[in-house]
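Trainee: Working from the sequences, and respecting the hints, build out all of it.
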Amino acid sequence: MPKPLSFTVERRVGASRDAVWEVLGDFGTEHRWTKSLEHCERDTDLVGVGTIRTCTLPKPLMGRTSVREQLTEYEPGQALAYLLEGSAGPFASASSRWSTTARPDGETIVTVEGFFTARSRVVPILVWPLARPMLRRLTRRVIGELEAFVVPRAEAARPGTP
Numbered sequence: 026m027p028k029p030l031s032f033t034v035e036r037r038v039g040a041s042r043d044a045v046w047e048v049l050g051d052f053g054t055e056h057r058w059t060k061s062l063e064h065c066e067r068d069t070d071l072v073g074v075g076t077i078r079t080c081t082l083p084k085p086l087m088g089r090t091s092v093r094e095q096l097t098e099y100e101p102g103q104a105l106a107y108l109l110e111g112s113a114g115p116f117a118s119a120s121s122r123w124s125t126t127a128r129p130d131g132e133t134i135v136t137v138e139g140f141f142t143a144r145s146r147v148v149p150i151l152v153w154p155l156a157r158p159m160l161r162r163l164t165r166r167v168i169g170e171l172e173a174f175v176v177p178r179a180e181a182a183r184p185g186t187p
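According to my numbering, the stretch in the sequence shown is residues 26 to 187, in order.
No wet-lab data here; the hints were simulated from the structure.
Small disclaimer: the values here were computed from a predicted structure and weren't measured.
Some hints here could point you the wrong way.
Claimed, not checked - Distance ranges between label pairs, derived from CB positions:
| hint | residue 1 | residue 2 | range |
| --- | --- | --- | --- |
| 1 | S91 | D51 | 18 to 24 Å |
| 2 | D68 | I150 | 34 to 40 Å |
| 3 | A117 | P177 | 35 to 41 Å |
| 4 | R57 | G102 | 26 to 32 Å |
| 5 | K60 | A117 | 23 to 29 Å |
| 6 | S118 | R166 | 21 to 27 Å |
| 7 | L108 | R157 | 27 to 33 Å |
The C-beta atom is built at its ideal place from N, Cα and C for all residues, glycine as well.
Mentor: In structure tokens:
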């Protein structure tokens with residue numbers, strides 16, 4: 026069995042953990058704040074382990090035009106993880122975990138981990154060296170989009186803000 030392939034991206038976001046989680050924890054509405062998803066919807070009113078979101082991609086990625094993902098972990102305010110249904114290009118499985126860490130200065134560290142299982146033994150050698158940097162860039166961009174959405178909302182919600 027091939028060993029799982031993984032990457033981690035960490036980024037400081039200029040908003041409180043609560044403000045970040047208010048948006049991030051609303052699994053199935055990500056199309057509101059990222060360009061990497063055209064539209065999403067979830068199969069439940071409340072978010073929790075087992076919730077499934079189905080998202081349409083704006084352009085094909087790893088042979089897909091849509092994704093269906095199920096929450097496998099959900100700790101409000103702290104972390105969520107989800108598993109892609111089916112395969113993704115050269116990967117037999119793919120999953121992600123997002124977590125937040127409050128900073129003493131009121132900002133938040135957002136950490137995203139990606140986990141992939143290769144379809145064959147050549148994927149880690151030939152594909153992963155190209156896929157990993159691309160996935161890390163995409164993830165950094167998505168966290169930046171999250172921050173660009175969250176910060177103005179958090180500032181508008183502060184008492185005394187016009």
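Trainee: Next, verify each hint and record whether it holds.
Mentor: Hint check results:
1. The hint said 18 to 24 Å for the Cβ distance between S91 and D51, and at roughly 20 Å that hint holds.
2. Take D68 and I150: their Cβ atoms lie about 38 Å apart, and the range 34 to 40 Å holds.
3. A hinted range of 35 to 41 Å holds for the C-beta pair A117 and P177, which are about 40 Å apart.
4. One distance hint, 26 to 32 Å for the beta-carbon pair R57 and G102, is violated here, with the actual separation near 19 Å.
5. The hinted window of 23 to 29 Å between K60 and A117 holds, with their beta carbons roughly 27 Å apart.
6. Checked against the hint of 21 to 27 Å, the C-beta distance between S118 and R166 comes to roughly 23 Å, which is consistent with it.
7. Checked against the hint of 27 to 33 Å, the C-beta distance between L108 and R157 comes to roughly 19 Å, which is inconsistent with it.
This entry does not satisfy hints 4 and 7, going by the numbered hints stated previously.
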